[in-house]
Structure formats: C-alpha cells, structure tokens
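Asks: As you go down the protein sequences, you meet chains A and B in turn. If you're matching positions, the first sequence starts at 1017 in our numbering and goes up one per residue. If you're matching positions, the second sequence starts at 1017 in our numbering and goes up one per residue.
Simulated from the structure, these hints should not be mistaken for laboratory data. Check the hints yourself; a few may be wrong.
Which copy is meant is left open, so a pair is good if it fits within one copy or across any two.
Derived BS3-like pairs: lysine-lysine, alpha-carbon spacing no greater than 30 Å straight-line [as the list claims (entries may be wrong)]:
(1) LYS1050 / LYS1412
(2) LYS1385 / LYS1050
(3) LYS1373 / LYS1109
(4) LYS1264 / LYS1289
(5) LYS1462 / LYS1412
(6) LYS1354 / LYS1313
(7) LYS1462 / LYS1237
(8) LYS1354 / LYS1112
(9) LYS1170 / LYS1412
(10) LYS1412 / LYS1251
(11) LYS1112 / LYS1385
(12) LYS1289 / LYS1354
(13) LYS1373 / LYS1050
(14) LYS1138 / LYS1412
2 protein chains.
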Amino acid sequence: MPADNNHPLNRMFHPSSIAVVGASSNVSETGWVKRLLDFGYKGEIFPINPKANEIYKLKAYPNVHDVPGPIEYTILNIPAHLVPQAMRDCVAKGVKFVHCFAAGFSETATEEGRRLEAETTKIAIDGRVRLIGPNCMGIYCPASGMTFGEDFPKETGRIALISQSGAEASRLIFLCQDVYLYFTKVINYGNATDLDAPEFLEYLAQDMETDIIALYIEGVKNYPRFISAVKQCMKKKPVIILKAGLTKNGADVAAFHTASITGAKAVWDAFFKQTGAISAQTIDEVSSIIQGLTRIKQLNGPRVAIIGRGGGIGVVTTDICERAGLIVPPFSLETHEKLLQIRPDAGAMLRNPVEPKLGLEGAADFYLKGLPIIDQDTETDIILIQMAVDIYGGHKPDLLQDVSAAAYALCPAAESIKKPIMVALFSGGHTDTVLAVSAAREILTKVGIPVFSEVEAAARSLSKIYGYYRFLESSK
Amino acid sequence: MPADNNHPLNRMFHPSSIAVVGASSNVSETGWVKRLLDFGYKGEIFPINPKANEIYKLKAYPNVHDVPGPIEYTILNIPAHLVPQAMRDCVAKGVKFVHCFAAGFSETATEEGRRLEAETTKIAIDGRVRLIGPNCMGIYCPASGMTFGEDFPKETGRIALISQSGAEASRLIFLCQDVYLYFTKVINYGNATDLDAPEFLEYLAQDMETDIIALYIEGVKNYPRFISAVKQCMKKKPVIILKAGLTKNGADVAAFHTASITGAKAVWDAFFKQTGAISAQTIDEVSSIIQGLTRIKQLNGPRVAIIGRGGGIGVVTTDICERAGLIVPPFSLETHEKLLQIRPDAGAMLRNPVEPKLGLEGAADFYLKGLPIIDQDTETDIILIQMAVDIYGGHKPDLLQDVSAAAYALCPAAESIKKPIMVALFSGGHTDTVLAVSAAREILTKVGIPVFSEVEAAARSLSKIYGYYRFLESSK
C-alpha cells in the first residue's frame, strides 16, 4: 500500500488488513467482503463470523482475537447492541481504525441508542482506537481498493470529499465521473462521535494527493477547531461546503439523520464570510464548482464573452450571468471589426453575446475562426460557449453526428487559445437531443473542457470560483 | 378553418389564404411555402415570385395584386428595403394581416433601418393592415396548420405564448412537447411596431381555447395598456412572464435584438406585485410553471410531503423546499403510526421526508401502500415524489426496466389519491440513467403526472403556483 505521507490518519485510507465483523456468508448478497474483493482491495481480508468457516474462499474467524496476525482496520456490520463488545474486542486486538457501519445509535433519538453510542465511543477513545461513525458508509479510496459502493469508479483523482451523507456522497462521485473527474478519498462518517470533520480537514490540508476538498455537513461539534481547520485548508486548496439543514424543518430532519445540531443560518453566513470557503446548496452545485475549479485556471476577471444563439437566448444568457454577479460587456471595437470580417452579415449579433452562423456547422466553423479573435478581446476574461441543443427538440436528422462534430471542432480550438473556456450544453427531454448532448459532453470533458447542463449552473459556479480567486488575492 | 370566436385577431390564426412574398423557388431549402405545405395548412397558398411560374406545384404570381382572389394573410420574406413597397401592394390588395419576417429595421440601430420601419408601419396603419413584426417568425397555430418551425408538434393544446424571441419560443414548444403539453397559439412578433403584447393579451383573455398564457418580453411600448391587459387575463387565466433584459448588459443586448426599451427592474418588480402575473427567469422555468399549473389542480397549502431517498438527500430536499417558500412539516402522529406498520424498521425515516425501502422495487411497493396513507395526512397538502436515479450512476443491470416499473407503479397510485402529486426525476449524466429517466418521464407525463428535472425546479415552480392560487383567493 503506498503511503502518501506520515500523518496518523493516512493508514486509515491505506490499511494493510481489514476485518469485517458480521461478514455475510450469503453469497447472493453484496456484503463488505465481496465489495472489497471485487473492488480490488489488495491487503488481507479477515471475515469475522462465528457461524462460518470460509467466506468467499477466505478463512473466517469467530472473533477478531482469533485472527493470527495484526488487524489495522475493522468494519462493524452487526446490530447496535453488539457493537460495544465488538469494540472491546478490537481494543484488545490492537485494531487501529474501526468503521462502525451499524446504525441504531443517537440518530434514533432513543435513550438506548444514546447510551450505546456513548459506551462505544468511550471504549474506542480509552482504547486508542480511532472510530469512524457510527451509522455511516466509511471510506472510498480507489488507490487502496477501499469502497462502500460496488460500482464506484476505480480511477483515482485529486478531489477529496468529507460527507455526513452516504447517498449524497454517492451522487457526487457519479456526477463527477460523468465528466471524467475522480476522487482520491471520500469519507462518510455519520454521527461523528470520535473522528469528525475538523480532523479529516487537518489531514486533507497537508495531503499531497488532494487538490480540492468538498464537504457535505449537517452539524459540527467542535466549531473553533472546524473553523481553524477550514482556514488551514483554504491557505493551500479550495474548500466547498454544502451545509445542510439550514432551514427550520431541514434542521429537524438532519437531527434524525445524524443526530446533528445544525446551527443557525446567521452563524454559517458569518463562517463563510470569515473563512472564504465556497458555499453550495446542492450536490449538483458542488459538482459544478469542482469542475470549474479543476478546469478553469487563471481567471483574471468576471467579464464573460458568450458565444451561442443570440436573439432572446442571448438576452436571457446575459441576464443569468449578470444576476450571478458576472459581467457581459460589449466586445472592444477592434474585436467587433475583426468579427465583422468573418461574419459580415451578422450586424448586432457580434456585440457579445456573439452568434455564429446558425446551424451546428456554423458553430463548428466559428469555433475555429472566431475563438482566436475573442481570445484577443481586451474587454472579456473568459469565454462561455452556449450550446442550446434543446432547440433541435423535434426531429433533426444526424443530430448526434452534427452536435458531436461541433464538439470535436471545439476541442482543438479551445486548446489553442489562452483564455479559459466553459460550455453550457443543454438538451431538453427529447431522447435524440439527450443522446446528442451526452455524446458531446463526453467529447468535451474527456479533454478537460468544463461542461455544465445549464447556463445558470455555469454562471453561478463561475461566480463562486471568481469569488474564491479574489479571496486568495485578498489573503496574500 | 374553425373560428373559435369573433375577435378581429382571430382570423390572424385561421386565415383562409396566405401569400408568401419572396417565396423560394429553390426546392432544396425549406422556405415558407414548403413549411406550410408540410405542416398541413389547409387554406390557399399563393407563392409570390416574379421569376417563377410554379413553386411546389402551386402557381406563382409576380405580385400580390396579380393573385385573382382575396388574400387574408401575407408573409414578407424579402430584403428590408423592398418591404415598404410590398406593404403598399398588400394595402392595395386588401390583405388583412402582414407578417414581416424580414429583418434589417430598427434593431440594426441604423438611421436607414429606423426609417424603413417607420415608413412600413405608417403604410400598414394608414392602410388598415395589421402588421406582425418586423423581424420575427410570426404564428404557430397547429389547428390551422400555420407554423414557423417545420418540426413543431402538430398536436393542439391549451397554452398560448406571446414571445419577442423566436428561439426561446422554439425551446419552450419543445420543452413542453417533451412532457406532452401543447400549444393553441404562439406569436413571435419581433419589433412590434403595430401589433404588440397588449393586443395579443386582450385577444387571449377572451380566447376560449387558451387556459394558460406565457410571455417572453423584452420591452413594452404602451405600458398602461399592457398592465390593463395582463390584469384582464389574470381574472380568467394565469399569465407567466419571462421579462428579459432586466440586468444592465441584458438590457443593452435586448436593444440590439428587438430595439426594445426594457425598463427598470424596480418598475417590473412593482408590475408583478400589482398584477399577480407569475414571474420566471428562464424558459425552463416557464415550462416548469406551465406543467405545474396544468397538472396541479387544487393546491390547498404550501405544506409538502416528500417521498424519496432519506438521509442527506432528505435534508437537502427539505432545505430546497423551505428556501423556495414551501413548508416540509412532520407528518401527523396518526400518519406516522400507519407508516410504521408498513415500514416497521424505518424509524426516523418516516418523519417526512419518508423513505421507502431502498431500491426501486421498494419504491414501487411504497407507492401502492404508502401513498394512500400520506393522502390522509392532515399536516401536508401536496406530495413530492423524489426519484434520484443519478444515485445509480455506475452500472446497475436492468436500470431502465426497474425505473420504468417504479413509474408504472406510481401511475395508478397517483390516480387513486386526492392530494396533488409531483415528481422530481433526476438522472445525472450517465447514459444508462439518462435513458431510464427519459423512459420514466414519458410514462409519468403521458398520464398527466407533472415531472421536473430537479427538486429545485419542482419547488420553485410549486411556490410560484401556490402564490398564484393565493392571488386568486385574495382577489375574490
């Protein structure tokens, strides 16, 4: 197992052995053992099940203390009332990390749940075992072969996610995969009675394999340490936070999810202002911001050049950008004159937004000839390509090929210019347009062009990314 | 041609004959004549082209005055400088309506463009010809076979659209088609030098074939008449308005699109407050609101019951709804107890949002057993079904079939309950999930269940629809 640094938490992502307490002997269901085997975990796996001799051809043991060699990491897949004793066994065995998958603790809002949680946590802390959970999915780390989703991508990337929600973590992993972005480490840590967001952040701040940190959090227990850890990260890499449970009933729902105290909105508003962390409201938005941060380097200002359908679509696109805090100024006179040479009949449609000759061939042609001109424009900082494929919602022959051709034309054109570029590619619901957009997104994101599913997502993300770059400038 | 009423503008949508001045004799391009023929316009078509004898087997004439019988409607497809003379010819011929497709007028911001526009308009008004445009696509009315998009649906519905943008009109037509909603009349009227939004609104207010009116507008010339027309409509049917050009540069772009003076944001804020018209910021939002208004009847309050993935997804869904001005309260104790009987192991996941047993089969089962219980809940007014198909972003065998089966299970269940229902169905970008979502949307919308592509769109639309129903109550 490659260790990327000597931080004590590093072994949690790269354990040399994993015991699964409550390993399922039913081969028809996907348990933790099968998941680790299928995903390619290379360390030793010890199934713990007093009723089985062998699970998936691995020798099974009645208890962790029956395992001959050392165990670095243990997953507890047993009912809550059995967890305290299992934790005692782990302490006795010298296990370093315990991931308590089991639920049924304080999130049930019962006396017994709270008691079991307190007891388990005390055993872990006294015994110097680090506890992830309870009530969580644990770790996904493609480099070491650890996963909680059997169909998560095996590719390693440079994004880390700290999430109190396993489902939202899964969604983010897949949304990023759709645009060829991958994770180095994902932690789903549930009720967070021992290991909590601040400690994960401190680890990720110095983790050389992580460039961007995303968080889904409902509550924070040690608020000063959390602020300090976020600040520490922000000095080195961006932190995006989806703070859930900021509305009245959202907070109540969160209390029943991870027993979190979500905190007042005003406190969190102040937090974002103070730390410069990037705030997001949905997982889709988190994925858009990740994509922008990864693929939009060097943003010198908030002035957007828009290439796409003009007319009303151009007006609305401009409104959306300006509402998001961006600026859509007219091009310089020089740019206008140069554009007039390649589009002599376009007149006012060259102002910004600029409209290529209608049709997808016209768009492809303009990417080659027009992009270098707009690259030189002194009035704009970034180029937004708007591809409204939903306008071909009826039946257009060869739509898939034509949209793909436009995307293929954009790839080298984008490569050859200096300004950053982003694409808003939207489909509507017609199957033809949906498939054409899927194909084009694949072509574009594969070469690192950021693609958003609507202008609003592109504009809001860009505005937040610009805010982050300004924050970096101001903290120099 | 069926005439739905005796309003003078009615013949504009149902003319008995159409002349196309500047009819293309090139059969390889889709001109106005071919478009009308293909779309099934049943009246007489007179191609006007001094260089052709016959176009698409129709006798061509050098000028409108050479046509033997009367002409009710004429499309001008000629360069702007020829338009004034063509308009004189139309006046002399007694044409009732002229649609000036030609551009090159005041939107060019040139002296000559403004002069040509003023001259053309004066000729029309003095000659008692009603002018649509210039610089526009004209009329789409499936019942009479008039269209400006060759692949627009032939189905007639009960939505009317007044739009200064042809492209945004096309997008809306297709977005609605994707969810089985259709239009009765669409008017794209460009620079609006004679016929303008107020007059179209007055017509649509009393049009028995129109239930919902949508507008895309950049500017209004006669503001008092516009307000009065909107108020007149709002007494009988909802009016949704996408007011474009409300940001600084958006306004400038609009000026070059339709030569509109867009007006200050404060004025429009006051307008929406005063008239109760429903404000939208994008065409996607217009389509969502149309779907909601059409399919959510009888909304007694803003309290939402959510069925879908719980945990973090439930917290975020609750936040999104409450941010949009809706309420996600806990169910009544009675509801909770009944739900506990069908989901005895679910504990807190029954509070609201309620989580069916995981997996798509679990969802389908819950729609049958759980919906009738939530239908009886006294604390909630509407049911939001959240189907996060993007969570199956990797590889899941039979995803299309399983998602379709869940959708099929929902159809009769939704039919059998009293509370309104809406679905947020989201896919992520993976082709498998995208196709599964397309299939499910088709199944659901075909039977009239409103489907939205994200929770945000569903919540924002619902909030606006509830605002409209409250406005109706308060104006009783």
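Asks: Against this structure, judge whether each hint is valid.
Replies: Against the structure, the hints:
1. LYS1050 / LYS1412: between (47 Å within a copy, 16 Å between copies)
2. LYS1385 / LYS1050: Cα proximity of LYS1385 and LYS1050: none, with 54 Å in one copy and 33 Å across.
3. LYS1373 / LYS1109: neither (71 Å within a copy, 36 Å between copies)
4. LYS1264 / LYS1289: The answer is both: 22 Å in one copy and 27 Å across copies each meet 30 Å.
5. LYS1462 / LYS1412: Classified as both; 26 Å inside a copy, 23 Å across copies.
6. LYS1354 / LYS1313: For LYS1354 and LYS1313, only the intra-copy Cα distance (27 Å) is at most 30 Å; the inter-copy one is 54 Å.
7. LYS1462 / LYS1237: neither (40 Å within a copy, 48 Å between copies)
8. LYS1354 / LYS1112: Cα proximity of LYS1354 and LYS1112: none, with 66 Å in one copy and 44 Å across.
9. LYS1170 / LYS1412: For LYS1170 and LYS1412, only the inter-copy Cα distance (16 Å) is at most 30 Å; the intra-copy one is 37 Å.
10. LYS1412 / LYS1251: Classified as neither; 50 Å inside a copy, 40 Å across copies.
11. LYS1112 / LYS1385: neither (60 Å within a copy, 45 Å between copies)
12. LYS1289 / LYS1354: Classified as neither; 43 Å inside a copy, 45 Å across copies.
13. LYS1373 / LYS1050: between (55 Å within a copy, 23 Å between copies)
14. LYS1138 / LYS1412: Cα proximity of LYS1138 and LYS1412: none, with 66 Å in one copy and 40 Å across.
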